[in-house]
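S.K.: Okay, here's what each chain looks like letter by letter:
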Amino acid sequence: MKFAYYPGCSARSTCAELNAATHLVAAKLGLELLQLESATCTGARELRAIDPPGFLTLNVRILALAESHGLPLMTICNTCTLNVLDAHAAFASDRELAAAINVKLAEEGLHYSGRTRISHFLWVLHENIGEQRLRELVVNPLTNMTIAAFYGCHITRPPSQYGFVDSRNNIALEKLAEVLGCQPIDYSGRNECCGFHTAAHDERVAIKLTGQHIQAAKTGGAQAMVTPCPLCHTILDGFQREIEKDVGHKLGMPILHLPQLVGLALGLSPDELNVDRHMVPVGALKAYAANAPKEPHR
Amino acid sequence: MVTAATAPTPTAMDARRLGQIERRDTLAARNSCLAPGEDIAVRIRRWDEATRQAAYQDFKVPYQKWMRVLDVLNWIAENEATDLAYRWFCGSKMCGTCAVRINGREVLACWEAAEPVMTIEPLRNLPVIRDLVVDRAPYEKKIASFEPWIERREPYPSFPEPLNHKQMKDASKALDCISCMCCYSTCPVIGLGNLTDFAGPAPLVQLAQTALDPRNDPDKIKRSLALTGIFHCVSCYKCEEVCPASIPIVGRIIEPLKAKAVLLNPGMAKHSSALRDIVAARGWVEPSALVLRVQGLRVLARMPRAIRLLVRGKINPLKTLFGIRTAAAEAARRILRTGVAK
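So the protein lines, in turn, are chains E and C.
Counting along the first sequence from 1, when you hit position 47 you're at 133 in our numbering, and nothing is skipped either side.
Counting along the second sequence from 1, when you hit position 65 you're at 379 in our numbering, and nothing is skipped either side.
Okay, chain C solo, but in the shape it has when bound:
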């Protein structure tokens, strides 16, 4: 039976992907945008020892078939700038040391095809040691503070210990991480510096390797999670976009860690729990009610703003305080099965 829901749309175009063809946004297109002998215009952000400042230096590199960004850097280091500092080791997406930014996007130099025009910069959000080499110490220090190992209080139930794939499904995704820090560089919240205590995507992935392992001691996980500031994640998915290991960082790492935090450290997750209670009671969210629940008396400090919102009709105090019985409330209550306070 063909229903309206399955009937074909008038045009065959997919509006979700508009731009992918025009902007050559496919792997095949990216891998074939240069022909042997063509010049690659490369601009590298370098550390100038004389002026003690960063400056851009331009290079012209002859394209050779299958040239990667790493090959371009090697060519420059061999022919034009023998003092160019950059890191790499395995050349095959394993060691995670060659990450750089190409035209504003984090990539592994060893795994990205050269583009006709490239601005190559070091990763963001970490101190630059020289040229394209960043200091990994802040990242490693953060991970160490999470005590990233498994602790056991109880004796093992048996040996070998029963453990199935389902129990390990998220932790095993985290184990794909090669610590390249692409996600750490692209994260907008990390980009805000010390504004929040958010640990950032890469350290959270490292934490998830043991925190999402069912064998780990809950008290230890609780201690580590308290240091993560995880509820400052804005869910922008930029980390997932750049991850060379294709780890679903938001969906399979940060969200399961948040679920752990709600169970182990409910105080961290006041916002999430309040939203859940409001949906369960009202069917949908009255944003001002949520803000009132989460911020409590702190909203008094923002009265001028509340008044401005009130003037424009953006908030309705009656709805905020008393809610309204929406047509969706009954279904939400049944599905979410929570306490039905207001």
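Chain E on its own, in the form it takes in the complex:
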């Protein structure tokens, strides 16, 4: 199975370990990834608000790049995923707009006809690999590892895109964690917001918002949290020291990127998955990798 792969800005800079882990895990899963090197940023939250035509063109261009290879698009960032989904929806619902975007794309010989299927890595695991195949591939079941899933907003809201009456009912991460052998825990922060999108100009919001969620995960007995979004990771991991200062005590909660958790279960070592690049040490989790067979990855 081959995908056009869009890592997004975060996974190519502050969360480079996520991009590397995705490539390693994809190889283990038999997914071939064609990284779209000339793809731009999807515009985060800012561009879609202040420059809608620019936002739509950049995103449709990414979809057109995937289409030019005849491949579905795989993303690993929640915000990027919602951006391309929204741009696709806008493109598909307005013929005039679609034509105008294609005129712009034609300047570099690109064209989008609206056919690219968009899938986040989490959905690829469920839909394209499937629970059964994944169980077969798990060589190092993470038995008894208690995991708190932190979804992030843009993979489960808005309802117009995902259809949940109550987004707390999303269980895609917990189901996956079970397949990997983990014990997912229930806690109040699962579907809450990390506050990333205001952090560049005022990090206090993100720090205040997330302390209670990490604390709830810890109280619920989680050994680690896992997130499908590098932006959530940046706050939960990168700001954890500031968050600890705010809540007034040590949290020490390791935060894993989704492909890192999958990678551990598939037999990749913590070193290969670059877990030491995180700000919060994942020390205790390394024990789970001890029994993994030492086969070199492809």
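Treat each hint with caution, since some may be false.
Quick list of simulated restraints, FRET-style, between CB atoms [said to hold, decoys possible]:
1) E:E222 / C:F636: 45 to 53 Å
2) C:R366 / E:S355: 56 to 64 Å
3) E:S154 / C:A342: 36 to 44 Å
4) E:R181 / C:R651: 46 to 54 Å
5) C:P528 / E:A192: 25 to 33 Å
6) E:V224 / C:G610: 45 to 53 Å
7) E:A370 / C:L632: 33 to 41 Å
8) C:R366 / E:P227: 50 to 58 Å
9) E:D180 / C:P528: 18 to 26 Å
10) E:E222 / C:A343: 31 to 39 Å
11) E:S355 / C:V431: 26 to 34 Å
No lab work stands behind these hints: they were computed from the structure.
Glycine included, C-beta positions come from ideal geometry on N, C-alpha and C.
Since the structure of chain E is already known, use the hints to place chain C on it.
M.R.: Quick look at chain C alone, frame taken from chain E:
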């Protein structure tokens, strides 16, 4: 032609909606989770006058066909707790007075089917007057400060005045608001109290009714927007999730208001403009470059953090300062057509 992009996936499952069936997360399932005669276990957060504290009180209510949360409250008020305080008027999703929280989710009592087990609480982020009744005054005061009316300086171009649906598309969405404040209760930034000057989703929707109207005076819109703290919105979409009027609050209210702010009050939107410039110049965002542009010398106060990030290889000063010519830069520059400073 069937391309790889259109080929069916091996399984027919939709991973985006995992949990909707197991957790009965559809309107049909929610409306049919009780049979007549079954008991509903209700727990209501009440104000106890004796202890001057909030306390939960339990009730058992016999389910009757098509019972809504409001019917449950009416049954309790008639049979078990005649002093229960709750608000409602129209009973048909029009007046916006009956909003409460059911099991941690904001709903209109008149528009939500009763559930087998319900904890009913007043809305958050507003003072509680008694039981389920909250004080609407802080919300109304905020709206009044925005001067929510249309001002005209120029004489009307003609009468009737030309105005089409396209010009009014976002303002007309805002006019669907029934002021129930569900969104105000669920907003995590409002939940942080006075930490920011963020006005919150409901007041912004009220502002949008006139601020997104093309007839309004730009200077007045500028004055109102300056009071909103709108760039503190974290874009979590919780407001859209709970809105009983299905207003796309982030996409059709907050984002168009942000676009207005960039035009009228560029100083408010430093972060957004910086991101746009960086994408236009580099093709994608180097997060440390963005922080440096937005925070300027303030980053000096956070040097210990920067050093920690540097040690872990999370930031690269060369990339931050000089950027790199990415394969995406040319396309971004052409599409965004902005000044190509660094």
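S.K.: Hints first: check each against the structure and report whether it holds.
M.R.: Taking the hints in turn, this is what the structure says about them:
Our hint of 45 to 53 Å for E222 of chain E and F636 of chain C holds, since their Cβ atoms are close to 48 Å apart. A hinted range of 56 to 64 Å for the beta carbons of R366 of chain C and S355 of chain E is consistent with their spacing of about 59 Å. Under the hint 36 to 44 Å, the C-beta atoms of S154 of chain E and A342 of chain C, about 41 Å apart, fit the expected range. Distance hint for R181 of chain E and R651 of chain C: a CB-CB separation of about 24 Å, inconsistent with the stated range 46 to 54 Å.
At about 32 Å, the beta-carbon gap between P528 of chain C and A192 of chain E stays in the expected band of 25 to 33 Å. Between V224 of chain E and G610 of chain C the C-beta distance comes to about 49 Å, which sits within the given range of 45 to 53 Å. Checked against the hint of 33 to 41 Å, the C-beta distance between A370 of chain E and L632 of chain C comes to roughly 35 Å, which is consistent with it. For the pair R366 of chain C and P227 of chain E, the beta carbons lie near 54 Å from each other, so the given range of 50 to 58 Å is met.
A hinted range of 18 to 26 Å for the beta carbons of D180 of chain E and P528 of chain C is consistent with their spacing of about 20 Å. Between E222 of chain E and A343 of chain C the C-beta distance comes to about 33 Å, which sits within the given range of 31 to 39 Å. Roughly 46 Å separates the CB atoms of S355 of chain E and V431 of chain C, a value that falls outside the hinted 26 to 34 Å.
Consistency with the previously given hints fails for numbers 4, 11, ordered from lowest to highest.
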